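Visitor: So you can see what is in the structure, the chains are spelled out below.
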Amino acid sequence: SQTIHQWPATLVQPVGSPLSLECTVEGTSNPNLYWYRQAAGRGLQLLFYSVGIGQISSEVPQNLSASRPQDRQFILSSKKLLLSDSGFYLCAWSVPPTEQYFGPGTRLTVT
Amino acid sequence: QKEVEQNSGPLSVPEGAIASLNCTYSDRGSQSFFWYRQYSGKSPELIMSIYSNGDKEDGRFTAQLNKASQYVSLLIRDSQPSDSATYLCAVAPSGGYNKLIFGAGTRLAVHP
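So the sequence lines, in the order shown, correspond to chains L and V. Letter by letter, the first sequence follows residues 1 to 111 in my numbering. Letter by letter, the second sequence follows residues 1 to 112 in my numbering.
It should be emphasised that the hints constitute simulated quantities derived from the structure, not laboratory data. These figures come from a predicted structure and were not determined experimentally. Hints are supplied without guarantee of correctness; some may be wrong.
Covered stretches of chain V (chain L as the covering partner; in silico rule of three or more C-beta atoms under 8 Å from a C-beta of chain L) [claimed, not checked]: (1) 12 to 26; (2) 98 to 106.
Between beta-carbon pairs, the in silico distance windows are [what the hints assert, rightly or not]: (3) L:84 to V:45: 26 to 34 Å; (4) L:79 to V:9: 32 to 40 Å; (5) V:1 to L:51: 30 to 38 Å; (6) V:56 to L:58: 32 to 40 Å; (7) L:97 to V:3: 18 to 26 Å.
Cβ coordinates follow ideal geometry from the N, Cα and C atoms, glycine included.
Produce the entire structure from the sequences given, and follow the hints as far as they go.
Guide: As structure tokens, this is what we get:
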């Protein structure tokens, strides 16, 4: 069966510090991978998605970036965090045209 | 702009009643529709998918799709306090399955 991991589970970072969140998927090959952000009390905002190694599509302009160095690894990064980057970051996978499945998420607080 | 609309709630229903959650979408070419449940502080969990007009039942859950009206709903029969959560509607827009568009969610509260 497929499993998706995210770490860390929680993170508190000062403004201006860098960020690296990691997501890995087990039990499937060549999945689509997604990064979402959910601000407190809000809906899901798609940040990036990837259909293959090195292929990244950005959905919104921001100070975040994503990379996919391996088939089942997806990384979200920032060089300098902003207060507005606080939120619940969710990684998801799918094998099109089926449903997306979410990881446990990382709760980021920028102070 | 392709959109998915949901009433934010809260929708309050007594235990044992039927909860009805609704969702409308703007992209007439959408083909795939999903319902996710999200408990407070947790990640969304897929509970239903539906691809054809009509009803699809899975246990206490029934998803209903009407493509002509661009409307999808989720019925929860015999609602339990453990069903209290936010329910997210998601739609795969026309042109590919690489992305889902999510509604903002409806908060359901089931009271004993």
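Visitor: Which constraints among the numbered hints does this structure fail? Numbers only, ascending.
Guide: 1 and 5
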